[in-house]
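Please take these sequences and the hints and turn them into a complete structure.
Chains as they are written, first to last, in our numbering: chain A, 1 to 696; chain B, 697 to 1002; chain C, 1003 to 1327.
Honestly, the hints are just simulated from the structure, not real lab data. Any given hint might turn out to be false.
Distance condition first, Cα-Cα at most 25 Å in a straight line; then the derived DMTMM-like pairs of lysine to aspartate or glutamate [what the hints assert, rightly or not]:
1. A/266 / B/740
2. A/491 / C/1064
3. A/50 / A/295
4. A/191 / A/628
As the structure is a prediction and not an experimental result, all values here were calculated from the model.
Here is what each chain is made of, one letter per residue.
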Amino acid sequence: MRKEGEKFIPIGLNLSEFIFVTKLNTLLAFASLALASCESRSDIEVANEKNILVIGNSNEPKGLDPHLVSGVLESNIIRALFEGLVVDHPSMDSTSVDGVAIRDQIQHSDDFTEWTFPLNPEAKWSDGHPVTAHDFVFSYQRLLSPDPNWPAKYAEMLYFLKNGEAYHRNKYGQLLCSTDPDFPLEWDRLKNANFDGDDKIVPSKYLGKDYSSLNERERQRFLKYLNDSETPDFEVLNQKNFDYQEASIANQKIFFNSIGLDHLDKEQLVFLRENLKLLDWSEHVSPEIQQLVVDRLISHHELGKPNLWNQAKVGVEAINDHTLKITLRGPTPFLLEITKHYTWYPVPKHVVLKHGEMNTAYSSPWTRLENIVSNGAFKLKTWRTNHLLEVERNPHYWDAKNVKLDGIRYMPINNYYTETRMFGDDQLHLTYTVPSELIPMAKRKYSDQLRQESYVGTRFLRVNTLNEPFNNPKVRRAFALAIDQEAICEKILQGGQKPASGIVPPFGDYVVPGLIHFDPEQAKALLKESGYESTSSFPDIDLLTTNSDSGLREAEALQAMWQKHLGIKVRIQQREWTTYLQKQYDSDYDIVVAGWIGDYLDPTTFLEMWVSGGGNNNTGWSSKVFEDLLRKAEHTADIPTRMGILSEAEKTMMKDTPVLPIYWYTTNYLMRPEVKNWHPLLLNNHPFKFVELQKN
Amino acid sequence: MLRIIISRIIQTLMVVFLLVTFTFFAVRAIPGNPFASDKATSPEEQAALEAYYGLDKPLHRQYAKYWKNILVDGDFGDSLAMKGRKVTTLLAESFPVSLKLGLLSLFLGVSIGIPLGIIAALFHNRWQDYLAMVIAMAGICIVAFVLGPIFQLSIAKPLDWLNVAGWQRSSDIILPSITLCFGVAAYLARLTRGGMLDVLSQDYIRSARAKGVPKLQIITRHALRPALVPAITYLGPAFAAIITGSFVVENIFLVPGMGQHFVLGITSKDYNLVLGLVLFYGILMGIANLMSDLALIFMDPKLRNS
Amino acid sequence: MTTSTQDASNEPLITEKGSSLWSDAYLRLKKNKLAILGGIIVILILTACFVVAPILSWVGYDGNQQDLSNRFAGFGEGGFLGTDQLGRDLLMRVLEGGQISLLVAIIATLLTVTIGVIYGGIAGYVGGRIGNAMMRIVDGLLAMPFLIIVILFREIISGHVDDLARILINDWGFDDNTVLRFANLIPLTFAIAGFGWLSMGRIVRSSAASLSKQEFVEAARSLGLTHHRILFRHILPNMLGPIIIYATLTIPSFILYEATLSYIGLGIEPPNSSWGKLIQEGANYLETNITVLAIPAVLFSLTLFAFNFLGDGLRDALDPKASKD
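Structure, rendered in structure tokens:
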């Protein structure tokens, strides 16, 4: 510390003296800046000259294996690299042109269940190998692998194939019995036996409860398997060392039925063989057949549970190198639409097997830059994490002469404000999106370049129907009707989004039932009816959202609307992406902001996920009527009838309101005028092979 | 000298060991699932994934395995969030970028901060002092996520040769490094000013002035070195921090650097990536501190003897 | 055990020394016009956020009241400074955001000072192996990336805070708005303090170490005073200068941390806001509605400038050598 009384005198120094000190530093700094400035043309001018399309692609792709990814941005890259049986028409929805298969020679049976695809013999992988029907069979077998180590997220896209679901979900009871022509009972009559197990009666769900304390609805679930006089004992069932061999009949029944035939181990099956009555076989299954089924399962275990692909007879078959036959689980008139989804693309058998096993997952070694081989119009050129990914012309592509671009550069720009600014600075041909804050500016400054197009997607709220107060449909409906959808679309988003009256957006022949509209009066009335009279006694409710800005703005608006129209204060919970997802899977939420983009152009892409046990349901809601209607549609070939059934199904669902629709998406993006042959498409899956850069 | 270096290296290694141990258990205590994805993960899949990455084993076994992999195979493990990519690959790809950017910003920060600090001290409590400090502090008082977009719109857009964002042209480094350098400049200006004020009040400077030594000579010959001591002490850890990237700047300017791994690693519960980063950062920090200590010894004769 | 007379004889000496130091410091501070200006601004902003804002909200102004038909209103329409993207009163939002930002920074600073002083003081006074080991732990944690520590703390704390908040509301009958508003701050504040105390600990240790070698401490020791007493009655008051300076300089850097965390999406929970959050959201309107960015940003920058200049001024005035740390 300085001593007291000392006066501090600053030393004066004039500026010219001072500059001397810093001259060297400053000079060096400027030199390095000057060196950097050499290219004066914009990125776009350079790209145009090289005939390369530069597009914003939102984020770093999680991978390039068509069987393992599930995001839109990955699909944008995969669509350039790979090609399916048919390819989207550049400007017409629900229309296909030649892909690996020759469009005009595709044949199908009258009921749309059997399809034959003649493949183009000129179709080649980027290493020159021909693309054959065997590649397709291999691909579908790979995607459907029942191996729990196989992390395919989208295998259910192949459930359209006959036996596809049974093979993938390893329902070997079905595979062993239904595919055997000598089996004495047809599968349709056997299938109601308890193969799957009943997760509603899993004893651990009733921890700490006594059977006698169950309410009527809960007890019904058990009574299905028990005689009137029998009562299970949860305490015993939940014991760690529960011994089914010594347990009471009631406990044995609950034990076996909660597990199901397909999931019993060998020892349990052997025990069951002696006590066939313990399991619910449903009607029409004679004891002989029961024994036969159990025997088959036991022998399957004895064989070491071999992979059942050959036995499963999944509906895909290579008639010869260049003919693929596909058999479906039911009439599917829109099959061609589905095959445009990347899960239906082929992967190169010879390359996958060269760099690992069929299911070498997690790292997909064959998709690394140095290994990857693809069959699309383009092949991978560069891939740098968080930096850029570039594809170039595939010389072996069968239609290479009609491919216009020499390459596409995908920029992982997750800051969309930066992306719009880059577009303004001539760095991008196309942006991934335009953030809603910038839409007014884009309308003003880039009025010719701003695209606002319909998109098959819905923004909605999932509601946890398992907990109070949302186990009450009236409360759910009250919340749905209290959302001023139009204000959200027009005031906040301004991107042309439409208020959603249901979960399925309107497109094609589908008639939306239109059950949800903003109606604060009715909302209030419904809330009153629900029994929650005084709003202060209403339970705490959290509205879960991600930590993105747009999600937050919507959440804040919703919060204010419910407060205003229902007098209920909801708390917003912002969580980062993985926690946000996990909380949904764990049903650890009240309401959550969510969105869904259609995978293909059919209402089922929005409806299938609400079946009981669906991986993306997460609401706890299920309805037998709804599921029956979906199954009915599955077996209806006539398109208007089918759409009617699906519309009915949505009506059933929306009456119960397990989700609160907010709006139907639009795509908002910026596109430079020199990009040609890029037309509005409902799924926004633009086929890159037709895209062109106009030369000046 | 050699003894200092060796003991410092040992110290650093111990610190890194403790850090990794602490982080190892702490990140696993955070709620969340590294394998959550936009499609539901079934319990079987979850179990299979955990088995694949060895997360199903007891913690102490995982811990032992982690060290074994690093020490025996030099393997930091696979990234859990970015499937198929090794942590070492991610570091090897992103570190050079951050290093380049960090070095330029440090250079700019030093070139701006130290002169400003000296000016401020020389004109203590006069308008030059105030102006210098206002300039120096402007960089930290305006947050980077405002400064960045303003630069993009006001500098990059009008200039043909300068891009708004990206990492392809050699000029792409300019805006992010300017945005980053302000923080360094502000601290350095402050520390240099303080150091200089302190030195200028010392007896030996006063006597030098009394003897009529030219001002410039006093500053360059006598005052500068000791006045820079606090700045150099700061530069050690700052160096390690700045060459490992900044999330905000990388996000705004689309720089494929290390900064985003820190944030994404921990928010996506990518245990291996977080541990790899902590390890790497800890070692860098050790090296940087050692360098700054050595520089101090070089600068200050008193320390050299002790 | 010491008697109180012995103790009393010691005190006047310290007080006298202190008072001359303080008055001298005040004279020096007065010369630094920028620091004085900073001080005035700090007082004005604190008054605005903690006196004016509560009065306004008591009279009925509400920063969370939305009016979607009156978005981006100009000055005077729907609020003194206009309205934001959801039609909320911008003035109220900025003032309430300031409350949160300042509260986070000030509470975190208090925590930092408390932990830092206790830890650093003990380490410095005890010295030797234990003191060294204590400092190595600090060095170790300092070698950890800031974000990782902050996020770790935040994640670990926030679950418990949620539980606590629910207990307070449901079992103790506290007003849920108030509780949630402040419960919201805690994880963030602790997370920032969890990192911030490290440097404070270091500074305190080095001055405690040098003080404990000084004659008056030796004297106190030879008088047989307890460690506790020496530490808190003799060493601590003498470290007050550097601690105050450091605290003044810590507040702005914590405000800045809060803003950075907001950018990453780890800030305060909506609908409450902080300056960092307001600026981060406002920056998205840079091209379209600059007022929602400019108003919080100007206030934020002004506050940072003011605290920094005040802190630097105090440092010059009180203890120029502290700037070495």
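Next on the checklist: Can you confirm whether the C-alpha distance between residue 50 of chain A and residue 295 of chain A stays at or below 25 Å?
Outcome noted: 67 Å, violated
Checklist entry - Would the pair residue 266 of chain A and residue 740 of chain B pass a check requiring their Cα atoms to be no farther apart than 25 Å? => result Answer holds: residue 266 of chain A to residue 740 of chain B is near 19 Å, not above 25 Å.
Next on the checklist: What's the verdict on residue 191 of chain A and residue 628 of chain A, does the C-alpha distance respect the 25 Å limit or exceed it?
Outcome noted: Cα-Cα ~15 Å, so holds.
Next on the checklist: residue 491 of chain A and residue 1064 of chain C were given as a pair; does the straight-line alpha-carbon distance stay at or below 25 Å?
Outcome noted: Roughly 21 Å between the alpha carbons, so the hint for residue 491 of chain A and residue 1064 of chain C holds.
Hint check: a violation occurs at hint 3 only; the rest are consistent with the structure.
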